[in-house]
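Model the full assembly from the supplied sequences, consistent with the hints where possible.
Under the working numbering, think of the first position of the sequence shown as 1, with each following residue one higher.
No wet-lab data here; the hints were simulated from the structure.
Quick caveat, the model's predicted, so the values are computed rather than measured.
Note that the Cβ used here is the ideal one computed from N, Cα and C, for glycine as well.
Among the hints, a few may not be true.
Said to hold, decoys possible - Pair by pair, the computed Cβ-Cβ distance ranges are:
#1 L37 / E5: 32 to 40 Å
#2 S48 / V10: 36 to 44 Å
#3 T60 / L39: 53 to 61 Å
#4 K24 / I46: 28 to 36 Å
#5 L40 / E3: 53 to 61 Å
#6 P64 / K24: 53 to 61 Å
#7 E3 / L23: 26 to 34 Å
#8 E19 / I57: 33 to 41 Å
#9 F49 / I9: 57 to 65 Å
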Amino acid sequence: MAEQEQNDIVQQLVEARVEIERLKGKTSTTLSGTEFLTLLFMMPIILSFVLMGTVIIWRTTSNPAEV
Numbered sequence: 001m002a003e004q005e006q007n008d009i010v011q012q013l014v015e016a017r018v019e020i021e022r023l024k025g026k027t028s029t030t031l032s033g034t035e036f037l038t039l040l041f042m043m044p045i046i047l048s049f050v051l052m053g054t055v056i057i058w059r060t061t062s063n064p065a066e067v
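What follows is the structure in structure tokens.
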């Protein structure tokens, strides 16, 4: 009887470890190479639009009569 209980506990531990590893895999956030390169090449375009918007707002608020 004790051996059966021990086997059941071992089986539950194995299942718990499998579940933990599955959950770790779900929570890890990694980028593939393609996603990283897309972000890398799109960042200058995004930054240029942000900078352009900042300059437009700065010029508009600093001298509204000129606009």
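Taking the beta carbons of T60 and L39, is their distance inside 53 to 61 Å? violated, 31 Å
Cβ-Cβ distance between E3 and L23: within 26 to 34 Å? At 31 Å between Cβs, range holds.
Between L40 and E3, is the Cβ distance one that fits in 53 to 61 Å? For E3 against L40, whose Cβ atoms are near 58 Å apart, the range 53 to 61 Å holds.
Just to be sure I understand the hint, the distance between the Cβ atoms of S48 and V10 should be within 36 to 44 Å; is that true here? violated, 60 Å
For the range 33 to 41 Å, tell me whether the beta carbons of E19 and I57 fit it or not. This hint is violated: roughly 51 Å between Cβ atoms.
Tell me if the beta carbons of L37 and E5 are separated by a distance inside 32 to 40 Å. violated, 54 Å
F49 versus I9 beta-carbon gap, inside 57 to 65 Å or not: holds, 59 Å
Confirm or reject the claim that P64 and K24 have a C-beta distance inside 53 to 61 Å. holds, 55 Å
Honestly, do K24 and I46 meet the 28 to 36 Å range at C-beta? holds, 32 Å
Against the hints set out earlier in the document, violations occur for numbers 1, 2, 3 and 8.
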